[in-house]
Amino acid sequence: AQSVAQPEDQVNVAEGNPLTVKCTYSVSGNPYLFWYVQYPNRGLQFLLKYITGDNLVKGSYGFEAEFNKSQTSFHLKKPSALVSDSALYFCAVRDSTDSWGKLQFGAGTQVVVTP
Amino acid sequence: GAGVSQSPSNKVTEKGKDVELRCDPISGHTALYWYRQSLGQGLEFLIYFQGNSAPDKSGLPSDRFSAERTGGSVSTLTIQRTQQEDSAVYLCASSPPYNEQFFGPGTRLTVL
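Protein chains in written order, with the working numbering: chain A, 2 to 116; chain B, 177 to 288.
Looking at chain A on its own, in the form it has when it is part of the complex (with noise of 0.2 Å):
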């Protein structure tokens, strides 16, 4: 079985600031690690993704994140947040084994940026 942890149900952080989104998952095989953003009354919109490679992942709007193996983690980071990326956030997983297999999601992070 396949499951993903978002601990915080919301992070707020000042315009400017850094930005960490913490995901912590768990598969019986390799992971496929995704990350998703939400904007209100919208579909997620695909962040990245960590298939095989280096740890570090960039995607779209300045996102990254880091696959570290030893923690199970899949943290989204950015380094000067912007009020338009309030919104929430989902990590997911699948596991290699199951390349077409769902996804399973995280709860969500609801991020609050303050100008």
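Derived by calculation from the structure, the hints in this document are not laboratory data.
Idealized CB from N, CA, C, for every residue including glycine.
There is no bait here: all hints are sound.
Negatives, chain B to chain A, calculated, CB over 12 Å:
hint, residue
1, Lys187
2, Thr189
3, Glu190
4, Lys191
5, Ser238
6, Asp239
7, Ser242
8, Ser249
9, Thr252
10, Thr254
11, Arg257
One-sided excerpt, in silico: chain A residues whose CB lies under 10 Å from chain B:
hint, residue
12, Gln46
13, Leu49
14, Ala93
15, Gly102
Using the hints, position chain B against chain A.
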């Protein structure tokens, strides 16, 4: 190019009625997924289709829920005898081989 589209965007129905939700995936994507997003429940997998293989129905919450995918493209999620707890946003996603899923805007279902 065109993304995943879903219709209707909003659906209000009365308890006990049947509803059909439609998903048009991105052309060429062989995998199609349905998820449900409820307040307090997060994102919940419902069903997925991969090519001509039998669908994975393991996430369907009851036998009132069913889905089909015609011609490997358009999919319809049907909920029979709707209940108030079915109220949620229903999200569809499609995916090319070994890649991330692309989501549609969702259908907001309200059961009165």
